[in-house]
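Visitor: Here are the chains, one letter per residue:
Protein chains: 2
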Amino acid sequence: MKQEDLSVSKYFSEARDFIEKGILDFLPDADGYPESIHKSMRYSVLAGGKRLRPILVVAAAEAVGGDRRSILPFAVAVEFVHTYTLIHDDLPALDNDDLRRGKLTNHKIFGESVAILAGDALLTRAFYLMTHGALMDSIPAGQLLRAAHEMSDALGTAGMIGGQVVDLESEGKPIDPETLEYIHIYKTGFLIRACIRCGAILSQADPVQFAALSRFGAHIGLAFQIVDDILDIVGDQGKLGKDIGSDIDKEKATYPALYGLEESRRKSEQLIEEGIASLEIFDQRADPLREIARFFVQRTY
Amino acid sequence: MKQEDLSVSKYFSEARDFIEKGILDFLPDADGYPESIHKSMRYSVLAGGKRLRPILVVAAAEAVGGDRRSILPFAVAVEFVHTYTLIHDDLPALDNDDLRRGKLTNHKIFGESVAILAGDALLTRAFYLMTHGALMDSIPAGQLLRAAHEMSDALGTAGMIGGQVVDLESEGKPIDPETLEYIHIYKTGFLIRACIRCGAILSQADPVQFAALSRFGAHIGLAFQIVDDILDIVGDQGKLGKDIGSDIDKEKATYPALYGLEESRRKSEQLIEEGIASLEIFDQRADPLREIARFFVQRTY
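Note that the protein sequences, when read in sequence, are chains A and U.
For what it's worth, this note's numbering labels the leading residue of the first sequence as 2, then goes sequentially.
For what it's worth, this note's numbering labels the leading residue of the second sequence as 2, then goes sequentially.
Derived by calculation from the structure, the hints in this document are not laboratory data.
Hints may contain errors.
Which copy? The list can't say, so a pair holds if one copy fits it or any two copies do.
[Said to hold, decoys possible] Here are the simulated EDC-like pairs of lysine to aspartate or glutamate, each with C-alpha atoms no more than 20 Å apart in a straight line:
1. Lys253 <-> Asp99
2. Lys251 <-> Asp177
3. Lys253 <-> Glu113
4. Lys40 <-> Asp154
5. Lys268 <-> Asp68
6. Lys40 <-> Glu170
7. Lys174 <-> Asp250
8. Lys109 <-> Glu170
9. Lys174 <-> Glu36
It should be emphasised that the depicted structure is a prediction, and the values quoted were computed from it without experimental measurement.
Starting from the given sequences, assemble the full structure and let the hints guide the process.
Guide: The following block contains the structure:
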């Protein structure tokens with residue numbers, strides 16, 4: 002099966018429904034005081050993401066025999082983290098984007114001040130969920146701490162924020178291959194890898210399983226951003242829900258700009274194959290991870 | 002002793018030195034890649050704060066017999082949290098302040114994009130520290146999770162961010178006493194109370210001690226913001242390191258504006274007395290908390 006559209010996958014659509022219900026449970030109510038911030042948070046979280054990151058947490062946990070119900074607050078937390086990064090990235094001072102997922106960006110609707118605070122609030126709520134008492138019913142507190150620590154490490158300046166800073170500072174300048182790879186791995190890859198590592202930690206993966214899943218996560222994380230670059234050139238604006246060609250307009254550093262489209266495609270496919278190969282110690286319980294990995298490189302949105 | 006200047010207090014100056022060393026240990030190096038974000042984080046953290054919040058964590062922990070060395074990463078984390086709130090608060094889209102602690106605000110030096118990311122990075126690093134493995138040497142993981150959860154709760158939309166939003170939305174409008182109290186308790190009081198509650202949690206306070214410390218924290222937290230309002234009118238710009246009268250310029254909701262200076266002073270003193278009274282079950286190990294509480298209302302900076 003070609004994984005252009007994950008919604009045809011039974012695993013994916015069930016996992017997505019599971020996450021959507023969790024998101025609704027863990028978002029603040031729209032009419033909770035003060036309403037503006039809650040409306041702003043809900044607007045961006047409910048704008049129709051693919052929920053790939055929480056599904057990766059679930060799929061990684063299940064690959065080592067974990068139970069998705071016991072980790073739901075943590076899985077929802079990573080979607081809140083992802084949404085926080087999008088809201089802040091879109092701000093006028095950063096990427097200055099008007100459209101996201103086919104809708105106006107958060108600050109275009111709610112204003113810059115509320116958008117900044119909504120991003121802050123989603124990051125804060127993510128840690129609130131990662132340390133939620135309900136998780137302790139089935140996961141040892143030490144493992145929970147380790148997972149929250151792993152996630153905060155991946156999100157910091159030795160992770161995602163480091164990538165964002167270098168990305169911003171590289172706009173409009175010639176870029177060398179090492180800096181480009183740094184940006185892609187740090188800006189995008191680290192969060193994807195952290196989702197998989199946290200799923201593994203929460204299900205108490207042994208060290209061999211953990212190392213294999215880490216390797217898988219690092220490979221598909223980089224591939225994901227390379228495909229993002231490709232779709233910014235050849236993608237369908239309607240499917241993607243954002244402006245095509247915006248990387249070129251902003252003189253962003255991309256794989257196609259440095260290596261060309263064909264070589265970028267080849268590189269992303271190779272990364273996915275190597276990532277899947279690192280799952281060889283796992284049985285069919287890792288099939289959803291393999292399926293999502295193939296989607297990463299064959300996706301059109 | 003009149004507590005106008007805590008630097009004459011042996012406890013306070015020793016605790017402050019202890020925290021300063023911890024801050025230097027847990028800040029990213031200035032020359033770590035990417036440098037701009039690390040320089041920006043260090044600039045604001047090292048701009049000379051009073052370190053009241055981490056000292057409150059330490060003093061609360063010690064009031065119930067805890068050891069400051071075992072909670073250092075957590076205490077440093079709350080100073081990072083505090084600094085993140087200042088950097089984001091000062092942004093053009095929020096309070097648009099040029100001066101903080103007598104120096105240019107973060108975005109005036111590093112630009113808006115880096116300032117937004119530096120705030121994000123400090124909040125992220127705070128959770129990195131709150132879940133730091135070194136804490137587990139002497140504190141049960143369940144207590145650590147509870148403390149990190151408590152802090153994230155106090156920082157969210159049912160806490161500090163809620164207060165910031167209502168504060169922003171109340172500028173230039175008539176305000177009722179209930180909304181003013183909401184802003185002060187949520188915007189400022191919740192973090193101060195959370196510092197004390199987290200210190201208590203980390204030292205495994207019993208429920209009676211925890212309730213007393215919570216009550217103490219709620220009282221001094223509100224008093225702190227009322228005194229902030231008063232100092233914005235009668236304070237010494239040189240000592241405060243920020244513009245005097247900025248609340249009036251921004252038509253901010255303040256206690257003196259609603260109740261007058263004298264009634265605001267009386268209210269803050271009453272809150273401090275009630276707060277200190279709630280510590281009656283504690284022995285002299287709570288004296289630093291009592292001393293800091295008196296400073297809260299007698300401070301001139």
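Visitor: Decide, hint by hint, whether the structure agrees.
Guide: Going through the hints against the structure:
1. Lys253 <-> Asp99: Answer is within: at 17 Å inside a copy they meet the 20 Å cutoff, but 31 Å across does not.
2. Lys251 <-> Asp177: Within one copy, since 17 Å is at most 20 Å while 47 Å is not.
3. Lys253 <-> Glu113: between (23 Å within a copy, 19 Å between copies)
4. Lys40 <-> Asp154: between (29 Å within a copy, 19 Å between copies)
5. Lys268 <-> Asp68: Classified as neither; 34 Å inside a copy, 53 Å across copies.
6. Lys40 <-> Glu170: Answer is between; shortest inter-copy Cα gap is 15 Å, intra-copy 32 Å.
7. Lys174 <-> Asp250: This pair counts as within: shortest intra-copy Cα distance 13 Å, inter-copy 42 Å.
8. Lys109 <-> Glu170: between (24 Å within a copy, 17 Å between copies)
9. Lys174 <-> Glu36: Between copies only: 18 Å across, 42 Å inside.
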